[in-house]
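Top to bottom, those sequences are chains A and B.
Using our numbering, you'd call the opening residue of the first sequence number 5 and step up by one each time.
Using our numbering, you'd call the opening residue of the second sequence number 65 and step up by one each time.
In case anyone wonders, no lab produced these hints; they're calculated from the structure.
The beta carbon of each residue, even a glycine, is placed where N, CA and C say it ideally should be.
Take the hints with a grain of salt, since some may be wrong.
Stated by the list, open to error - Covered by chain B, according to a simulated footprint, are these stretches of chain A (three or more residues, beta-carbon under 8 Å):
1) 35-47
2) 235-241
3) 246-257
4) 265-275
5) 324-337
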Amino acid sequence: MTRILFADKLDNCLERWRSAGISVIGPVKKSNSSGYSAVTKAAEFDFNLVLPERSIKELFFPQSEPLMRYEIKKQEINTSEFKAPTSERIIFGVRPCDAAGLAIDDPLFGWDYQDEYWFQRRRETVLVTIACTKADDFCMCTSLKLTPDSEKGSDILLRPLENNSGWQVEELTDRGREAFKIIADLLQESQEKAAPTAVVEEKFDLEAALAWLKEPENFESHFWKEISMRCIGCGSCTFLCPTCHCFDIQDEGDTYSGIRRKNWDSCSFALFTMHTSGHNPRSTQSARWRQRIMHKFNYFPGKFNLNSCSGCGRCSRQCPVDMGITETLQELSKLLR
Amino acid sequence: MSIVEQYRTKVKELLSSGQVKMVIGYGAGTTPDRRRPLFMRSPEDADKMLLDNACIANLSGYLVSEGLLSDEKRVAIMLRPEGVRSINILAAESQLKAEQIVIVGFDTAGEELRAIEGSEAKDFCALIDSLKESAPLQAPDPLFERIVQMSPQERFNYWQEEFSKCIKCYACRQSCPMCYCRRCIVDSNQPQWINTSSHTLGNFEWNIVRAFHLAGRCVACGNCDRSCPVNIPLRFINRRMGMEVLEVFDHFPGMSESQEPVLASFKKDDPETFIL
Ligand code: SF4
Ligand code: SF4
Ligand code: SF4
Ligand code: SF4
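Kindly produce the complete structure, drawing on both the sequences and the hints.
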């Protein structure tokens with residue numbers, strides 16, 4: 005016997021959580037684009053999406069975040085800080101790769117200082133993940149040693165039932181248990197079987213690729229030019245990626261008053277790491293693509309013992325010129341060391 | 065011989081005879097319906113080349129990126145008629161010399177894939193002339209018609225909702241062959257003309273700046289629209305601007321390499337109805 009959350013109880017759950025002061029967010033498709041957005045009725049969820057186009061990261065690390073307001077007067081400078089908005093929330097219907105993506109970024113945001121904008125949201129959010137029963141040609145969690153029912157980063161793991169009428173409930177953390185206590189009497193014990201998880205084939209030999217990247221002489225390899233010839237240098241792959249985390253600090257306003265903001269930045273941009281002198285250590289697109297791969301699969305693992313990729317496949321799925329991590333790592337893993 | 069075979073032979077000839085140093089075309093993509101840009105440098109590369117109705121991206125932007133043409137050697141490129149128009153604009157705006165580009169022309173309009181005769185941009189003039197005549201009759205689009213019918217307030221709300229999705233990834237700019245500015249105004253930070261933040265105001269600023277800079281320059285290739293990861297219907301903005309420029313200045317961008325850029329040139333008899 006397992007505990008089951010039947011889909012027809014979902015509206016009651018939303019009601020319960022709302023009365024407990026918890027807002028609910030989930031996979032939603034609107035204006036022809038999908039992402040994780042606020043949900044008030046169960047009908048608004050779109051659980052049929054293989055994966056929302058926009059990743060979960062914007063809910064923890066928004067594309068533009070105000071940090072402080074400044075005002076410079078004759079004799080004084082006034083500043084006031086913006087805090088991350090506080091609100092208890094449940095994200096219901098997270099994909100395992102998105103939940104894992106957040107867990108991958110935790111050490112980064114807590115490395116030399118605790119980024120409270122990130123951690124406050126992390127503390128106040130319960131991630132209710134639904135295991136994947138279907139995948140598309142771009143999914144590649146297994147290549148990163150995760151699975152379509154990976155628990156990494158999740159507070160609750162739901163497994164869709166065979167007849168699609170609901171989900172088996174697995175509570176993984178105390179935070180998850182707390183949130184599900186509120187709806188405990190809406191769950192039912194049942195013998196319903198879970199549907200099999202999606203089959204996602206491994207697309208490359210991760211170990212071989214990592215080993216190649218570690219060799220210092222490969223930094224200058226001709227490979228980088230060849231593989232990135234068609235990259236047009238947009239920010240699509242980095243901005244949609246659940247683990248890409250680069251940002252830029254910008255003052256918006258004038259010399260006397262304005263708002264300091266933290267905005268997403270992308271290593272694909274020609275402006276990324278451009279020096280004031282005009283010199284750019286990564287002056288070509290191939291050097292920038294190398295940075296993206298090296299950062300994710302060499303520098304990040306070197307520092308945190310983790311690959312900065314959860315295998316969601318968005319970078320390949322949405323690339324306007326059909327590039328992506330998958331192709332690069334596939335080609336890399338075939339190269340002789 | 066099928067068009068693909070015919071063009072594979074042509075590509076091999078171009079490369080083995082040394083007439084061009086590279087041919088830019090299409091190859092297979094990750095999934096059966098995807099094509100990706102292919103850079104062919106040796107005759108054998110031509111075997112990987114594909115040509116069919118899925119080859120829709122306008123590849124001409126690659127010609128002006130990272131100094132490809134700086135050695136004065138010729139480069140061949142597979143283009144649909146819009147692509148040829150963008151070559152004309154790039155030439156008219158002094159970004160490349162049209163003689164340096166060998167065009168391998170094809171068209172997918174009307175479902176049937178066909179080869180187009182010609183090898184330099186000027187060989188396609190008659191074809192582009194006929195496009196100008198048919199341009200106002202572009203395939204009707206119900207959503208476009210709906211947006212045109214909206215009141216200014218409704219239209220503003222419509223675009224506000226669309227632009228609120230924008231993440232400022234600049235895929236629209238990067239995929240556009242006409243967006244070749246070495247330093248885009250949004251990347252100029254001394255001073256910072258445009259907010260880099262991707263909030264609604266910043267998104268509006270960005271999309272409006274781009275719309276204006278593309279007025280009379282857009283060739284309606286659709287690259288921007290297809291690249292936008294959040295599916296903002298950018299084609300409608302450029303289409304509307306294109307209609308305006310055609311009506312007011314009788315200007316259809318990309319007719320020839322000597323056509324003056326409409327917003328950067330002045331004629332005594334230009335109508336001034338837009339000056340308040
Ligand atoms: S790999 Fe694709 S999505 Fe990423 S910057 Fe290059 S063109 Fe854009
Ligand atoms: S690098 Fe690509 S596959 Fe990996 S997490 Fe980012 S978007 Fe997903
Ligand atoms: S491609 Fe779309 S999301 Fe990206 S900057 Fe352009 S309009 Fe915005
Ligand atoms: S604005 Fe869009 S449709 Fe027009 S030329 Fe540029 S990419 Fe093509």
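Each hint, compared with the structure:
Given a C-beta distance limit of less than 8 Å, the hint that chain B covers the stretch 35-47 of chain A holds, as 3 residues qualify and 3 suffice. Counting residues of the stretch 235-241 of chain A whose beta carbon lies closer than 8 Å to any beta carbon of chain B gives 5, which meets the minimum of three for the stated coverage. Under a criterion of three residues with beta carbons nearer than 8 Å to beta carbons of chain B, the stated coverage of the stretch 246-257 of chain A is upheld, 3 such residues being counted. Against chain B, the stretch 265-275 of chain A contributes 7 residues with a C-beta closer than 8 Å to a partner C-beta. That satisfies the three-residue criterion, and the hint holds.
Counting residues of the stretch 324-337 of chain A whose CB lies closer than 8 Å to any CB of chain B gives 7, so the stated coverage by that chain holds, three being the minimum.
Going down the numbered hints, you'll see the structure goes against none, and every one checks out.
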